[in-house]
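Peer 1: Sequence:
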Amino acid sequence: MSACVAPRRIWLAVLAAGVGACMAAPAMAQTTAPPPEEEEEGDSTEQGHTQMDGSFGVLTHDEWVRETRRKAFEDTDWKFQARSYYLGREKYDDTESEAWALGGSAGFKTGYFRERFAFGATAYGSAPLYAPDEKDGTLLLKPGQEGYAVLGEAYVETLLGEEAKLTIGAQGLDTPYINKNDSRMTPNTFLAAVFSGLHGDGKQTGQWRWGAGYVDKIKERNSDEFVSMSDDAGADIKRGVYAAGLNYTKGELSIGAINYWSSNVINIFYTEAKYGIPIGGNAKLKFAAQYSDQQSVGDNRLTGSDFEAHQWGVKAELGAGGVLLTAAYTDAGGDRDMTTPWSGYPGYTSVQVEDFNRAGETAWLVRAAYTFPKHTGLSAYALYVAGSDPDAASGYGRGETDFNVQWSPPEGMLKGLMVRVRYAVVNQDDPGDTDLTDLRVMVFYDLPF
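Residue numbers (mature numbering (1 follows the signal peptide of the UniProt record, and there is no 0)): -29 to -1, 1 to 420.
Since the hints were derived computationally from the structure, they do not count as laboratory data. Bear in mind that the values here come from a model prediction, so they are computed numbers and not experimental data.
Using C-beta positions, here's what the derived DEER-type ranges look like:
(1) Gly177 x Asp404: 50 to 58 Å
(2) Tyr63 x Ala353: 21 to 29 Å
(3) Pro103 x Gly177: 50 to 58 Å
(4) Gly269 x Pro381: 47 to 55 Å
(5) Thr16 x Asp400: 25 to 33 Å
(6) Asp362 x Ile208: 24 to 32 Å
(7) Thr16 x Arg85: 36 to 44 Å
(8) Val376 x Asp187: 36 to 44 Å
(9) Asn271 x Ala353: 38 to 46 Å
(10) Pro114 x Asp270: 28 to 36 Å
(11) Arg85 x Asp362: 51 to 59 Å
(12) Pro103 x Glu134: 51 to 59 Å
Built from N, CA and C at the ideal position, the CB exists for glycine as well.
When you get a sec, could you build the whole thing from the sequences and use the hints?
Peer 2: See below:
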């Protein structure tokens, strides 16, 4: 198979970008001067992934205070986003998955009634613009290339004092192994009851961010139904997942851990630590390490027998100005491949197509990213991952090369628009030297309200 992109796919991708950009036309009424440049740290986290320092909500202490002081109806937050998404993939066996979809989301969250209760809801949808029946499998649409609409979020949030809250209902979650995995038209959402809290500011004092709860069901990215968490994982029983974890941050240090337990199905443990070292000017060295462990529990209803799988990884980054250079290494072991039924995979070498988490597989990654001056809204990166042969005799080593360009105007008539183009090539070291190509064009627009 050739790694080149077919001309038809190029034209479809260009058309998808053009139509998507037209969604921003209503915003073109006025322009504003670009704001002063502000230095922002780069981030190498893959789209759809969550690491420990981004778990249990992404609010800073100040944002938490502002959020929890919003007033009932007058401070209701409305959010509307339109999405155009094209994905074309040619697989190792020469089969194809291809679709172009249009859709988005509409939702709200109220302020707090009696300074205690808030309510939220979000509806999601995706409809086919180009979706050949014989090229199913992009996850932009339901199986069979069908469109869908679903009420993905409907919850009540109760404040428990100034630093904790309880959220019950259909909601989005962000933890390493249960998260939104928002890398298609719509995200995962979950039926759950979750306690969460934030204590300290992470600067003058240490900050503790924590969460604990029970997750009963999941709505997958391209589904309009909630199903049992154990069903979604592939077990023949209906079980939810109990999860609890916390993360501590102070200055440049971040360390945390979380555990997930589903009766008679699986136990997953994850821990991660990060540390940054300023080295003069605007440069910084950052180091990170992670470890995941997965084991069968109880009656082993997931696979029918005992299993154990694990992976560890390390990552180093150098950021200076708009440049971010990253190197990472991971090593997976055990008697089964790692699994991620409810999330994107959090491993440092998990990228656009492959997760590099098969039993016996080691992988190393190099990545170079550049963020242009803030007023341009432009950023780009390229990366390469080399993976070894896994333990399975039927498996082969793989190498993946990814390219990404993104444009998100921060101000002016196009503020709220995001255009992103991603392209991946995966080469497999099998006797036929087969490869896989993956082209994605995303145009998202947050409508002003």
